[in-house]
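K.L.:
From first to last, the protein sequence lines stand for chains A and B. Start counting the first sequence at -12; every next residue gets the next number (the numbering used here). Start counting the second sequence at -12; every next residue gets the next number (the numbering used here).
Worth flagging that the hints you see were computed from the coordinates, not collected in a lab. Only a predicted model underlies this, so the values are computations on that prediction, with no experimental measurement involved. Incorrect hints may appear among the rest.
Intra- or inter-copy, both count: the list cannot distinguish identical chains.
To be verified - Each computed EDC-like pair below joins lysine to aspartate or glutamate, with the alpha-carbon atoms no more than 20 Å apart:
{"id": "1", "residue 1": "K229", "residue 2": "E260"}
{"id": "2", "residue 1": "K(-10)", "residue 2": "E25"}
{"id": "3", "residue 1": "K76", "residue 2": "E100"}
{"id": "4", "residue 1": "K76", "residue 2": "E95"}
{"id": "5", "residue 1": "K(-10)", "residue 2": "D109"}
{"id": "6", "residue 1": "K76", "residue 2": "E25"}
{"id": "7", "residue 1": "K(-10)", "residue 2": "D211"}
{"id": "8", "residue 1": "K(-10)", "residue 2": "E320"}
{"id": "9", "residue 1": "K327", "residue 2": "E345"}
Number of protein chains: 2
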Amino acid sequence: MGKTPIRLGILGCGVVGDALVALISDQQEVIASRTGIEIIIEAIAVNDLEKNRGEWIDRSILTDKPEDIVSSSKVDVVVELIGGTSPSKKLVETAIKNGKPVVTANKELLSKEGPSLFNLADTNGVDLLFEAAVAGGVPLMRVLRESLIGEPLDRVIGIVNGTTNFILSQMAETGATYEDALMEAQRLGFAESDPTADVSGQDAASKAAIIAMVAFGAQISLNDVPYQGISEINSADIAFAKKSNRTVKLLAVAEQSNGSIEVNVYPAMLPNEHPLSSVRDSYNAVFVEGQAIDSLMLYGRGAGGKPTASAVLGDVIGASNNLVGGTCRGVGELRPIELKEMDEQQSAYYISVQVIDEPGVLANVASVFGENNISIRSMEQEGMGGEARLVFITHAANERNLRQTLSQLGQLSCVEKVGTTIRVIET
Amino acid sequence: MGKTPIRLGILGCGVVGDALVALISDQQEVIASRTGIEIIIEAIAVNDLEKNRGEWIDRSILTDKPEDIVSSSKVDVVVELIGGTSPSKKLVETAIKNGKPVVTANKELLSKEGPSLFNLADTNGVDLLFEAAVAGGVPLMRVLRESLIGEPLDRVIGIVNGTTNFILSQMAETGATYEDALMEAQRLGFAESDPTADVSGQDAASKAAIIAMVAFGAQISLNDVPYQGISEINSADIAFAKKSNRTVKLLAVAEQSNGSIEVNVYPAMLPNEHPLSSVRDSYNAVFVEGQAIDSLMLYGRGAGGKPTASAVLGDVIGASNNLVGGTCRGVGELRPIELKEMDEQQSAYYISVQVIDEPGVLANVASVFGENNISIRSMEQEGMGGEARLVFITHAANERNLRQTLSQLGQLSCVEKVGTTIRVIET
């Protein structure tokens, strides 16, 4: 089989870039013998030309001018690993306009600019691939874009943030407080010194937006995705979940029903039998529900240099194959969607309320639920000296009614504090 | 976007074919709007033209001459759902020679004739896709063939037979005997009235062969895959596994090390923490280990009309896209491989031995292990009246030594019966 050389230009060379170059050096021959494509690293754009790098990196191909790479006639495929939107957006656009397929791991860029970039790629007849942008080494994008492109999908539920999954797993398994678990995550390098983007749910929201684009062909952006994080979750919440055979997970959920779409990020209690419940540590997993496929789960490493590089490499080979074949595979036209108003969303909820322990309190609290049309499925009281903690699981309730309930509960004189609200998913 | 019509010829219309036609009828417009391809069912070959069929099937396109479909100039893509090797092999070959991409769910055909059929497809420049042949709706083939084509894979471990997974899950969860669990599987339609192909491990062996072809580019056939089934596994084995925090699963394992490949099917005890342990009921799952990707698991429905049809549809759209783009994506050249001799394989084992309960027995039995160079990691004695059951977990042992040990144990006068041998996987 004759070998076709494909010359890569890599923008950015941090942990993932370094792992990618090492992986390609190692696998070049195997890839050539299996696909007929010889991947050649032509140029790498870096910030600091003087920095020490892995031995597999040939210093003579380093440049500090990424804009040269995206315009170079010597580069066939561009890999964007800079992150963020500036200068990434402009670089990706220029590469596409110059007819170069682009592989990117940039969730921020796609969650904000996905629809226009996919459109640009289609117009120019080149691939824009982004497996590594969502759940790292988990091949969700390819499965959604190709295997399930004809499937009537109902819902995609993902654990797509490894930091928060690590923290929640630690809390459940060791009884650690949120603060201790976060510190442990930072110590092990699973959380950044400023963990806000992860623990607030924003990182997961970026991924949820991209999932909704691909799964439902939805024209959507990060701004359309409401997100709630995990920093309010405390040991008592986790203990309650455990006792009731549930597990708390931070979920990115995109679902479609009756023509409208909901995309959200929130912590939720899942029954322990749900396959996502056993996803521990910093692993990622995505559960897909469709009318024909029934249910499908993909599980793996959501981050880390090597797994992410593996995902990038799969896309590089895919883009190279398409380039050689003179074809490309777009996401398809994204259509404007009707997003279900947050107010109209329905869910069962876990609600904890700290109250003064005296007669009549439960009746007072329960009446607030009743007045707001929220039906209580179970209630439990946990005494704590002069105080008590009431824990409610509601039946499916409307979000607007829920917020009204929480606000009215806060005004009751017998209520010391309204605690965390966590969605409850039954199946 | 202009729509390109792709005319399908479907060979065979049982449960999967029926579900496929229904799915296409339902999704035709969505697929067209997302991919630009309008899938038209041109002809369906059936055995019995008179049989009643789903309302979505237009009787005027039925024929009982599949050989006409694979030669018809009105058919662009062929879907083979007949199963078996005759007449499927000839039909698939003819379709390919006529330049028609083929999508098949036929594990038997591919496990026996895969290498020559893949070669024929490559020579004729058409796709031969087979997602549905292994683990039904689980998109393993696409992930291995595309996402992980550049990944240095070490091992693929699959639960790829739903019948046996259902039986083993029932035994573990309800304490049922093998016979009762099998009857329950038959009652629910998970097992056939003659369950041999499933419980013997042969069905899983077909899938293991296909996995090894795709994961390692191995030229291999079903005959190269030794298989052991589950019919010897009894309640005591399952109870021991449970007590020691392990789960018994029937595994299809393909692994590569030092240039040689092992492909086997056997029941194994996995630690409960292993993601495959929580795969219950008739679900399938495949765990992939690679040097960059670390570990990856795909989980879903391994059988059933709708999930299988969903997998076939993904392939139909893929083949159609490639046809329109004038390209195809082969498996790549399969190379002759060195199969590790069964005798040389290493594994830890669970071995149970029924003995007469009298002094000195353990020493006798243990000395047989020692003489054959098998080191014992743990031993437990379970009394049963005048008899006793000795349960051993060995350290990694050579298969030849193991077989010698088992045969010598059988000859000891204190040994009533040598029970099931089950591999033990630690990580």
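K.L.:
Does each hint hold? Answer for all of them.
P.N.:
Hint check:
For the identical chains of this complex, K229 and E260 are neighbours both inside a copy (12 Å) and across copies (17 Å), given an alpha-carbon limit of 20 Å. For a Cα distance limit of 20 Å, the shortest separation of K(-10) from E25 inside one copy, 6 Å, qualifies, whereas the shortest one across copies, 34 Å, does not. When the C-alpha separation of K76 and E100 is checked against a cutoff of 20 Å, the pair qualifies only within one copy, where the shortest distance is 8 Å, while the shortest distance between copies is 48 Å. Within a single copy, K76 and E95 get their C-alpha atoms as close as 10 Å, which meets the 20 Å cut-off; across copies the closest is 49 Å, which misses it.
Taking CA atoms no more than 20 Å apart as the test, K(-10) paired with D109 passes between copies only; the shortest distance there is 15 Å, against 27 Å inside one copy. With identical chains, the CA atoms of K76 and E25 are never at most 20 Å apart, being 28 Å at best within one copy and 34 Å at best between copies. Proximity of K(-10) and D211 under a CA criterion of 20 Å is satisfied in neither setting, with 45 Å inside one chain copy and 31 Å between copies. In this assembly of identical chains, K(-10) and E320 lie within 20 Å of each other by CA distance solely across copies; the values are 13 Å between and 34 Å within a copy.
For the homomeric pair K327 and E345, neither the shortest alpha-carbon distance inside one copy (41 Å) nor that between copies (74 Å) is at most 20 Å.
Consistency with the previously given hints fails for numbers 6, 7 and 9, ordered from lowest to highest.
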